[in-house]
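Colleague: The primary structure of each chain is shown beneath.
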Amino acid sequence: MNKDKTKKQKKGMLRDLILLGIFSCVMIILLLVFPNKQEPVIKTSWDFFVEMIAILPAVMILMGLFSVWVSKETVVKYLGKKSGLKGMFLSILFGALPTGPLYVAFPMASTMIKKGARISNIIIFLSAWACIKIPQEMVEMRFLGLKFMASRLLLTIIFVFLMGLLVERIIEWSDRKNSKLEGGKINAGI
Amino acid sequence: MALKSCIRILPIVLVIIIFIGLLLGFVPPDKISRVIGEQSGFGGVVITAVLGAVLHIPSLISFPLAASFLTVGASVATTAAFITTLTMIGTVTLPLEIKELGRKFALLRNGISFIIAIIIAFIMGMIL
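Sequence lines, in order, name chains Y and G. Every letter in the first sequence is one number past the one before it in our numbering, and letter 177, counting from 1, is 177. Every letter in the second sequence is one number past the one before it in our numbering, and letter 89, counting from 1, is 89.
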């Protein structure tokens, strides 16, 4: 499992490096053909580079720390049994913690469903994990401003709640319909 | 651990930075704003939302990219749509999501995410 992961990461890294090579070549050729564009292109790239370098290490350290402090087991334990409004807020909170990419969260979500967590909480948890992450908001504020970040955050939270409830209704409704059709046979999966 | 993830993310950061430089240096703002700017309306928002859903860029790097969209004349709505679908919807990770959580769950989550991303984008465009 672990070995598999590092292999995958290496492959991803290689792909990124190849992409970087292609982009570098394109930039060099374009800048040689259009020398008058050299100054604005290089200046823009440099400015963005400085901005990224200023914020990236802090974000990475934060993510590293949290993945040690808050283990997957803790999250699953706390979210598995909480329901109602409290469960929804906990889902947002745990999802927003600065840890890992989205695909890490799928197996966790799957375990929680098996332990009886509500579908709405799982949807909220996954969505929060995907787009309400604390380090993301830091970077968003830096590049797009506080107003943009805050309004998008607020809207996302509202709509994620609604989506959670909606998906839960749809899945429960279709499960009920299915189980009627199959004569009350218990549905495997969701 | 932190250092390692920093190095791992670096190549793609550089790719995006080069892309931004070229985008801002070469493409005239009025061209971009015609496709994804204020006057592009609903179509522009949907185009960027689809783009955000299909692309697989680490979300951290999507923000400088989005900022450069704004500088070259994209509207707030299209920029918000791009970021929201990029972070919420994963077409690359969809097979894994289906495997772990079931087809119905995964498709509903991604599908409804797309719709709410567009709604969020329009509200953002109205209030900002």
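Any given hint could be a false lead.
What the hints assert, rightly or not - In the BS3-like style, the derived pairs of lysine-lysine whose C-alpha atoms are separated by at most 27 Å in a straight line are: (1) 99/G to 115/Y; (2) 114/Y to 104/G; (3) 180/Y to 4/G; (4) 10/Y to 4/G; (5) 72/Y to 43/Y; (6) 99/G to 177/Y; (7) 72/Y to 4/G; (8) 31/G to 115/Y; (9) 86/Y to 114/Y; (10) 8/Y to 4/G; (11) 37/Y to 31/G; (12) 104/G to 72/Y; (13) 104/G to 77/Y; (14) 4/G to 7/Y; (15) 72/Y to 8/Y; (16) 99/G to 10/Y; (17) 104/G to 180/Y; (18) 77/Y to 31/G.
The hints are simulated quantities; they were obtained by calculation from the structure and are not laboratory data.
Colleague: So, for every hint listed, does it hold in this structure?
Modeller: Okay, the hints, checked on the actual structure:
1. 99/G to 115/Y: Answer holds: residue 99/G to residue 115/Y is near 17 Å, not above 27 Å.
2. 114/Y to 104/G: It holds: about 16 Å lies between the C-alpha atoms, which stays within 27 Å.
3. 180/Y to 4/G: violated (52 Å)
4. 10/Y to 4/G: holds (12 Å)
5. 72/Y to 43/Y: violated (43 Å)
6. 99/G to 177/Y: holds (23 Å)
7. 72/Y to 4/G: holds (21 Å)
8. 31/G to 115/Y: Violated - the C-alpha atoms of residue 115/Y and residue 31/G are around 53 Å apart, more than 27 Å.
9. 86/Y to 114/Y: Cα-Cα ~20 Å, so holds.
10. 8/Y to 4/G: holds (15 Å)
11. 37/Y to 31/G: holds (17 Å)
12. 104/G to 72/Y: holds (25 Å)
13. 104/G to 77/Y: holds (25 Å)
14. 4/G to 7/Y: holds (15 Å)
15. 72/Y to 8/Y: holds (21 Å)
16. 99/G to 10/Y: Roughly 23 Å between the alpha carbons, so the hint for residue 99/G and residue 10/Y holds.
17. 104/G to 180/Y: Holds - the C-alpha atoms of residue 180/Y and residue 104/G are around 18 Å apart, at most 27 Å.
18. 77/Y to 31/G: violated (52 Å)
Violated hints, listed in ascending order, are 3, 5, 8 and 18; each of the other numbered hints is respected by the structure.
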